[in-house]
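Student: Take the given structure of chain C and dock chain S to it, following the hints.
Protein chains in written order, with this note's numbering: chain C, 1 to 417; chain S, 1001 to 1417.
Accuracy of the hints is not assured; some may be wrong.
[Unchecked claim] Here are the simulated lysine to aspartate or glutamate pairs, DMTMM-like style, with alpha carbons at most 25 Å apart:
| hint | chain 1 | residue 1 | chain 2 | residue 2 |
| --- | --- | --- | --- | --- |
| 1 | C | LYS256 | S | ASP1290 |
| 2 | S | LYS1070 | S | GLU1359 |
| 3 | C | LYS189 | S | GLU1255 |
| 4 | C | LYS189 | C | ASP171 |
| 5 | S | LYS1038 | S | GLU1408 |
| 6 | S | LYS1060 | S | GLU1098 |
| 7 | C | LYS198 | S | ASP1262 |
| 8 | S | LYS1189 | C | ASP219 |
| 9 | S | LYS1002 | S | ASP1307 |
| 10 | C | LYS256 | S | ASP1181 |
| 11 | C | LYS259 | S | ASP1219 |
| 12 | S | LYS1198 | C | ASP262 |
| 13 | C | LYS256 | S | GLU1287 |
| 14 | S | LYS1189 | C | ASP239 |
| 15 | C | LYS198 | S | GLU1233 |
| 16 | S | LYS1259 | C | GLU287 |
| 17 | C | LYS189 | S | GLU1004 |
| 18 | S | LYS1189 | C | GLU327 |
| 19 | S | LYS1198 | C | GLU233 |
| 20 | C | LYS259 | S | GLU1287 |
| 21 | S | LYS1256 | C | ASP219 |
| 22 | S | LYS1259 | C | ASP293 |
| 23 | C | LYS256 | S | ASP1293 |
| 24 | C | LYS189 | S | ASP1219 |
| 25 | S | LYS1189 | C | GLU4 |
| 26 | C | LYS259 | S | ASP1181 |
| 27 | C | LYS189 | S | GLU1327 |
| 28 | S | LYS1189 | C | GLU255 |
| 29 | S | LYS1259 | C | ASP219 |
| 30 | C | LYS189 | C | GLU202 |
| 31 | S | LYS1259 | C | ASP290 |
| 32 | C | LYS145 | C | GLU98 |
| 33 | C | LYS237 | S | GLU1233 |
| 34 | C | LYS189 | S | ASP1239 |
| 35 | C | LYS256 | S | ASP1171 |
| 36 | S | LYS1189 | C | GLU233 |
| 37 | S | LYS1259 | C | ASP181 |
| 38 | S | LYS1189 | C | ASP262 |
| 39 | S | LYS1259 | C | ASP171 |
These aren't lab readings, by the way, just hints derived from the structure by calculation.
2 protein chains.
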Amino acid sequence: MKNEISNNRMTDPTLTVLKADGTPLGNQEVVIGQTQHKFLFGTAAFDLVPLTNGGYEGEKQEQAEQRAAKLTALFNAATLPFYWARFEPQRGKPLIEETKHAAQWCRERGLTVKGHPLCWHTLTADWLLSMSSPEILQAQIARIKRDVSAFRGLIDMWDVINEAVIMPIFDQRSSPVDKYDNGITRLCKATGRINLIKALFEATRAENPSATLLINDFDVSPAYDILVEGCLEAGIKIDVIGIQSHMHQGYWGVEKTLKILDQFTRFNLPIHFTETTLVSGHLMSPEIIDLNDYQVDEWPTTPEGEDRQAEEAILHYKTLFAHPLVEGITWWDMSDGGWLNAPAGLIRKDGSSKPAYEELVKLVKGEWWTSPTKFSTNGQGEIQFNGCFGDYELFYQGKRKPFSLRRENAPAVQICL
Amino acid sequence: MKNEISNNRMTDPTLTVLKADGTPLGNQEVVIGQTQHKFLFGTAAFDLVPLTNGGYEGEKQEQAEQRAAKLTALFNAATLPFYWARFEPQRGKPLIEETKHAAQWCRERGLTVKGHPLCWHTLTADWLLSMSSPEILQAQIARIKRDVSAFRGLIDMWDVINEAVIMPIFDQRSSPVDKYDNGITRLCKATGRINLIKALFEATRAENPSATLLINDFDVSPAYDILVEGCLEAGIKIDVIGIQSHMHQGYWGVEKTLKILDQFTRFNLPIHFTETTLVSGHLMSPEIIDLNDYQVDEWPTTPEGEDRQAEEAILHYKTLFAHPLVEGITWWDMSDGGWLNAPAGLIRKDGSSKPAYEELVKLVKGEWWTSPTKFSTNGQGEIQFNGCFGDYELFYQGKRKPFSLRRENAPAVQICL
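With the rest of the complex left out, here is chain C (with noise of 0.2 Å):
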């Protein structure tokens, strides 16, 4: 993995420092620091609504400020929610205001966000179930061109459709929790999976074309893999592949992540993990195939949770950092209690780091990173450097500049004071 990981996200390029005049900066010693991660790493960010909107108060507003300032610490990315049935209950009162308001606060900090979901049938509105099919697509589009033109610039990142594999049949499946009828999934059955996923992604791209759109999935088997495929055959421009990980019931584990991206790599697409959760503590048990049908008051976070948690997600992480084709990974809940009352953060719930969260740093801003740096210019104001693919500042005498490692400059970079 170490050696894919050197391959595949790191670059040792010769930096080349010249004065303002032009002339190479020889023999000087030099700082340089990286400032951001071209990968992604993101977290659900959905607790930045009420803290950037007063929804907090005295303690509560502290605990929040505590657990932003420890998601800024580690990630670079976010996901805000876009639940059509929260973000906008009552037709035609979107929350759009709200979320613009958590969007800034991140884009303030260097985080990257993501709209999650534009189309999904769980969570969307109740108010689609008085329409007729063609309406409910016209509706489905008109909330994407309002909310992707709203936000262009401050979210430049959507999950277009949200697991696309069950939507038409979503409403069929047997489980002890009610399968709800819904707006969305009757459009699905009448329109097809392929032509609603076209009309959403021609809708999202016309309001904001230079936006990265995803297709997102908890689904891994073939289907998912032949839906893209169906997907990209019928013109339907996919920028990334969005798989969700959600391990409540155990971690996959080396060897079936590793064939799970077998399956999408052949079509050559970014792929981002979407939504990863390790839990830490207890199991949900295998049968369960709905994992909204496990139903808990309690699901205590565990010392020997913790500690597997920690060591899977260090794993995981490993994983997928070393695979060429992922571009972003996403842990789910930032904090425990969050989706199924589940022990699933990186926090618990007094606000305490887990050794998760630890570990992540440790990578994250640790072994994948440059902490600023001494370096010494030869006398031809070279230096030899090795690191991951980001922005970094590179400091001389006061003076601060920045410049950026991608894969397109490599193997040699200028940087001029």
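Tutor: Relative to the frame of chain C, chain S by itself:
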């Protein structure tokens, strides 16, 4: 179910019998009998290749003839084998003549013949393994052109591709039985499923434009539904969706069968149940994923198993015959001891009929069939008729007039003596 069968499979036209001079044959007695079902009731008739090529002798020959007689007594369709490994074990020496004898035998007895399959990763030619992917594709297309053109007029129905859902990942599946590397999996991995299917359908169509072309799969999950959608969106003209139903692990039941049918109904394409198996012995255990992994020396038929098989066969055939889009059902093994050595036949190893055979005869050539029956015309030469779609003959004073009942010509049919 009775209502659906009546609505979807039967017609009640007014037959008007005219004399040679065009005037009505008033108040006369005629006899009408059915000669053919429009619905395809088929079976895998691999046995016919040795039978029609001197492959049997003495008692064996007699037994094979008895089996063949039972076949034609019940069925009007036959699937003949084109497994590449067996059809052309040595490159350039295909069994065209031998297979033609079997196809001719079928056609002479009014059976519709389907060739199975033109492309499949299992039982494919070993000699593909020395080729590059473009060469494999070229060989596969050449094979299609040669065989489809050689059998044009004899075989006008083809399983163009078999089991494409797992085709590109077949060699990776974990299983006690070694999954072998093969040329078709390699090819499908290189081209993608949809591109390959497109090339195969186009080649087949070019050689026999009026043929009925099927995609066929055992996968009945959303993966297959999505693959069909992807193919159709990519402009591939699929004539019939083929669904296997090898129920060695137990009868699906009506509910599951209808749910699967539901999944494919939105395409509004004809559906064939291409490979139906119900065993009359113990069931294969449910945890086996690839049925081929179950290898036994003995798998006896039992009296209780035969009763169960008969009941399930009735229910399965009624369920499918009632569905408006299903146009054919193929019972896989005519006799016991075929695939997997299973008691999956309608006939025991000793050639005697099982209850399932008798029950299917009662349906196909009884309840759903019009045996020669007397009718009296009214003064206008009219008969109120009711029967399944298919071919009929009317007898009057030694004259025989064939006519057909099709959805297109209902509600009125003229028969001129």
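Student: Hint by hint, say whether it matches the structure.
Tutor: Quick rundown of the hints versus the structure:
1. LYS256/C x ASP1290/S: holds, 19 Å
2. LYS1070/S x GLU1359/S: holds, 13 Å
3. LYS189/C x GLU1255/S: holds, 20 Å
4. LYS189/C x ASP171/C: holds, 10 Å
5. LYS1038/S x GLU1408/S: At roughly 13 Å apart (the allowed maximum being 25 Å), GLU1408/S and LYS1038/S satisfy the hint.
6. LYS1060/S x GLU1098/S: holds, 19 Å
7. LYS198/C x ASP1262/S: holds, 24 Å
8. LYS1189/S x ASP219/C: holds, 20 Å
9. LYS1002/S x ASP1307/S: holds, 22 Å
10. LYS256/C x ASP1181/S: Since the Cα atoms of LYS256/C and ASP1181/S sit roughly 20 Å apart, the hinted pair holds (cutoff 25 Å).
11. LYS259/C x ASP1219/S: Roughly 20 Å separates the two Cα atoms, so the pair holds.
12. LYS1198/S x ASP262/C: Roughly 24 Å separates the two Cα atoms, so the pair holds.
13. LYS256/C x GLU1287/S: holds, 20 Å
14. LYS1189/S x ASP239/C: holds, 22 Å
15. LYS198/C x GLU1233/S: Within the cut-off at roughly 11 Å; holds.
16. LYS1259/S x GLU287/C: holds, 21 Å
17. LYS189/C x GLU1004/S: holds, 24 Å
18. LYS1189/S x GLU327/C: holds, 24 Å
19. LYS1198/S x GLU233/C: Satisfied, since the Cα-Cα distance of roughly 11 Å is no more than 25 Å.
20. LYS259/C x GLU1287/S: Within the cut-off at roughly 21 Å; holds.
21. LYS1256/S x ASP219/C: Since the Cα atoms of LYS1256/S and ASP219/C sit roughly 21 Å apart, the hinted pair holds (cutoff 25 Å).
22. LYS1259/S x ASP293/C: holds, 22 Å
23. LYS256/C x ASP1293/S: holds, 22 Å
24. LYS189/C x ASP1219/S: holds, 20 Å
25. LYS1189/S x GLU4/C: Judged against 25 Å, a Cα distance of about 24 Å means the pair holds.
26. LYS259/C x ASP1181/S: holds, 17 Å
27. LYS189/C x GLU1327/S: holds, 24 Å
28. LYS1189/S x GLU255/C: With Cα atoms ~20 Å apart, LYS1189/S and GLU255/C stay inside 25 Å; holds.
29. LYS1259/S x ASP219/C: This hinted pair holds, its Cα atoms lying about 20 Å apart.
30. LYS189/C x GLU202/C: OK: LYS189/C and GLU202/C at ~19 Å, within 25 Å.
31. LYS1259/S x ASP290/C: holds, 19 Å
32. LYS145/C x GLU98/C: holds, 18 Å
33. LYS237/C x GLU1233/S: holds, 15 Å
34. LYS189/C x ASP1239/S: This hinted pair holds, its Cα atoms lying about 22 Å apart.
35. LYS256/C x ASP1171/S: holds, 15 Å
36. LYS1189/S x GLU233/C: Holds. LYS1189/S to GLU233/C sits at ~15 Å (cutoff 25 Å).
37. LYS1259/S x ASP181/C: With a Cα-Cα distance of about 17 Å, the restraint between LYS1259/S and ASP181/C holds, given a limit of 25 Å.
38. LYS1189/S x ASP262/C: holds, 11 Å
39. LYS1259/S x ASP171/C: holds, 12 Å
Against the hints set out earlier in the document, no violation occurs for any number.
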